[in-house]
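Based on these hints, arrange chain X on the given structure of chain D.
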Amino acid sequence: MARAPLGDVRVLGALLCAGGFALAWAPRLWQSALGLECVATAFWVWARHSERPGEQLPRWAWLRRPASALWLAAACSIALELGGSRSSALSSVSNPFGTLRWLQSVGLLWAALELLAALPLVRSFADLPGPLDLARPWIPSALPAAGFAVLWRHADAWTSSPVMREIAIALLVVTAWLGSLRAFSRRPWEPTLRWLIVTDCAIAALLVALRLVHPLASLLLWLAAWGGKAFLLASELSGRGSRRGPLLSRTWRISSLVTSTALAWPALLTFALAPGGGARWTHFVATAVPVAIAASVTTRRLVEVPERRQVMRPQSAVSLTHVTAIVLLALAPLALGIAWWGGFEASLQAVAIGVVPTTLGVLLGRPGPEMPGLRRARETARGLYRFFVDREQWLVALLWRTLRGLSAPLRDLHAGDAQEYLLFLIGVAVFALLLPVLQ
Amino acid sequence: MSGPIGAALVPLAVLAALAAAALVLLEHDERPTRFETLLPLAPLAVLGGLLVFSPRASAGVGVLTPALVVALLARWRRDALQTECALKLLWTSGVAVAISWAGVQLLALATATPVTGERWTVLALGLGSRLLWSDALALALVAGVVLLGTAPFHFWVADLFHGARAWVAPMAVATLQAAGLVWLARETAGIAAFEDGHRFASDALSIAAGTSLVAGALTLLWQKRPERRVGTLASLQGALALTWFASGSLGEEPASLAPFLGTWSAHAVLALSGAGLLARHLPVTARPSDPPPVLFRRHPVAGVSGLYALASLAGVPGTPGAFLWLEAGREAAAANHGWLVLGVAIAWLAATGVAVQLAREAFGVAVRTPPPASAVPVRLRAALGVSGAGLLALVAARVVLRG
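Residue numbers (our numbering), protein chains in the order written: chain D, 99 to 537; chain X, 24 to 426.
Next comes chain D alone, as it looks inside the complex (with noise of 0.2 angstroms):
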């Protein structure tokens, strides 16, 4: 690793990531933008002090493509304080001041749905290592959570229009799909990982999309299951430290199983038996299946691993790890009791119906023996991911293709020879066809 003027490019890399994603809570959001800008120039700076900077600089690229979405939603943002516009009409198009607060609400849920995966253009960076050498396979996990960070934050910026939140509902419930799909078809223990961090983190903003519980328990129900896989993947890097004696593998299943479930809980719940006609059996059932799938494969793959050390290292009964995942366990009942204190109450049954998809995954997952067809049904998770990324990636460089085709003609009136005349002439021509509508 080579040394930068400002000191090893580690540190300075470290220090911007973690200057940002603290950024990319704070309540102004200009202050997110730039909190996501600094991840994007950590991620610049590591990589192109990387072993293959020709492969990590294009691989990272994109991470401006949020910052600059949050940026036009901050200018917005700023143009409508300094038109001191206090109106909240989203779908008057026609006023300006609402065509700018439909602007931002876009702008703030394309940089935190692109975070969080949750947008055709790159869904698969959590298969793939970050670009800082010491923390290859970590790196990646941070980038869900800051798109959760951004969307918890500016809740209201975005939650207030029903067409942004039902499209935002509809694209989580696809990520967590596919976040699950790919968890399940992976077989190394780390890529799993960030795969079941994403759907967790999908499933959080779900939780923010519907509004259903308090905002701090939602956070702190995010906390627990997002903290929980991100400690996990640490402790990879550090011997599989969380997967040593069946005493810490154990907890650390269970509070694992115990975070995510009580995640998904709510919104499976309001799903389910929302009152008044407003629950959704096709949105229970989208849901209620990767969280099954996720709950297997947490159940099924994080398992104690052998011991290899002849002579243990002395050292405390109780250790850091133990401490965190007992913490973290903790967490998901007090957000739970924070939300019923919040008015979110649910009978009996409903506990029930909640608690299904995750009983099921853990029957299904159960350690033992290879279940008959478990390599089958992992082949077509993984087809059926790729099928589905495939078609959209088509979609999306369709689309692109079509629009640099129909662009093809302005490009050539730019050339930089003398047909730029050609240009001055329209210029002249739509200023004279401005006339009469004007008049």
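Among the clues, some could well be false.
Stretch by stretch, here's where chain D covers chain X in the computed footprint (C-beta under 8 angstroms, at least three residues) [to be verified]:
no., region
1, 265 to 272
2, 365 to 376
Anything over 12 angstroms on all C-beta distances counts as not near chain D; from chain X, calculated [unchecked claim]:
no., residue
3, Leu-41
4, Gly-83
5, Val-93
6, Ala-97
7, Trp-99
8, Val-145
9, Ala-398
10, Leu-415
11, Val-423
No lab work stands behind these hints: they were computed from the structure.
In this text, a Cβ means the ideal position worked out from N, Cα and C, and glycines have one as well.
Structure of chain X alone, referenced to chain D:
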């Protein structure tokens, strides 16, 4: 920035830009009498100063400015690119001024007076035909919009940065754009007295500003050559000036333009000098895995100084250019021109995106081999430093004034 002091920065900025131009000229030009070549820049600077300090300057100044720039470019008639620039500028500005002159004469015909202020009083009495005055007014504004270099008339600015010599283009573009703004101010002075005409001119200029912001942003994303990108950023500066003018200052006396025009010109001439020179040292087609160019491998401080000028053109926060972008957006918002605010936001997004991309290409990937033996000449580095220091001085002046 407060008016008189904002305007007082212009001579300092012009001096700094002239020093940068002289350094570049000393490095590049092969003529034995180099300063003879630099001399024509002096009248251009004087003309620019006249436009800034005395926006009442006669319409002849608006005609004289392009003529002088064309003459300056034509001095190197064997240089094909520069001659092409001169021809294009002659054609474009010549036709535009002719069209506008016809418009002004039509207005005089419709109102029976050649005095701008009196025309609106006559028209306010309902004595003129709407078709005649609206057509004439629109035509009268064409030269201002063209000289500002706003899209779709933005090609001449990019051409100038691409084809003309590095020390000519910044001063020429800044002066021509200042002339464009003064032209618009002169032709619409006192139009507030004629409500229909004010509304018509405001709508026409707002549409022109919005179109130029969005078209400029799109052009910026399509372009590949760094010089042309700097040219389009310069045209966006013209679009910002137009936005500011159309939103808040239409119909005011030209003299009231001086504070804004001073700040705007001082920034433009310095930022364009630095960014234009930097563009010559950036790769035209850079892949992500390419090493940085010589400037950034051997002289990163000078390179960063040039990047600061580029960032200022793009309105990156922390640069003097950011205040101009914000001011234009604020004026548009205050005038309830929501679409114009949106245009400013889109253009700013494209501009900052391109600035970040160019900065990343400039730094390239980390290289472990020793830098190349050939260095970037010290005079060029000094020119980059002068423009960067000038821009920092603008920020410091603003901070001190606000404090």
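Each hint, compared with the structure:
1. Counting residues of the region 265 to 272 of chain X whose CB lies closer than 8 angstroms to any CB of chain D gives 0, which falls below the minimum of 3, so the coverage claim is violated.
2. By the rule of at least three residues with a Cβ nearer than 8 angstroms to a Cβ of chain D, the coverage given for the region 365 to 376 of chain X holds, with 8 such residues.
3. Look at Leu-41 (chain X): its CB is around 28 angstroms from the nearest CB on chain D, clear of 12 angstroms, so calling it non-interface holds up.
4. In this structure Gly-83 (chain X) is separated from chain D by more than 12 angstroms, as the shortest Cβ-Cβ distance comes to about 23 angstroms.
5. The beta carbon of Val-93 (chain X) sits about 16 angstroms from the closest Cβ of chain D, which is more than 12 angstroms, so the claim that it is off the interface holds.
6. At the 12 angstroms boundary, the C-beta of Ala-97 (chain X) stays outside the reach of chain D, the nearest C-beta of that chain being 17 angstroms off.
7. With a closest Cβ-Cβ approach of about 19 angstroms to chain D, Trp-99 (chain X) is found to remain outside the 12 angstroms limit, as its non-interface label requires.
8. Here Val-145 (chain X) stays apart from chain D, with its beta-carbon at least about 20 angstroms from theirs, past the 12 angstroms limit.
9. Every C-beta of chain D lies more than 12 angstroms from that of Ala-398 (chain X), the closest at about 18 angstroms, which supports listing it as non-interface.
10. No beta-carbon of chain D comes within 12 angstroms of the beta-carbon of Leu-415 (chain X); the shortest separation is about 19 angstroms.
11. Under the 12 angstroms C-beta cut-off, the non-interface status given to Val-423 (chain X) relative to chain D holds; the minimum distance is some 25 angstroms.
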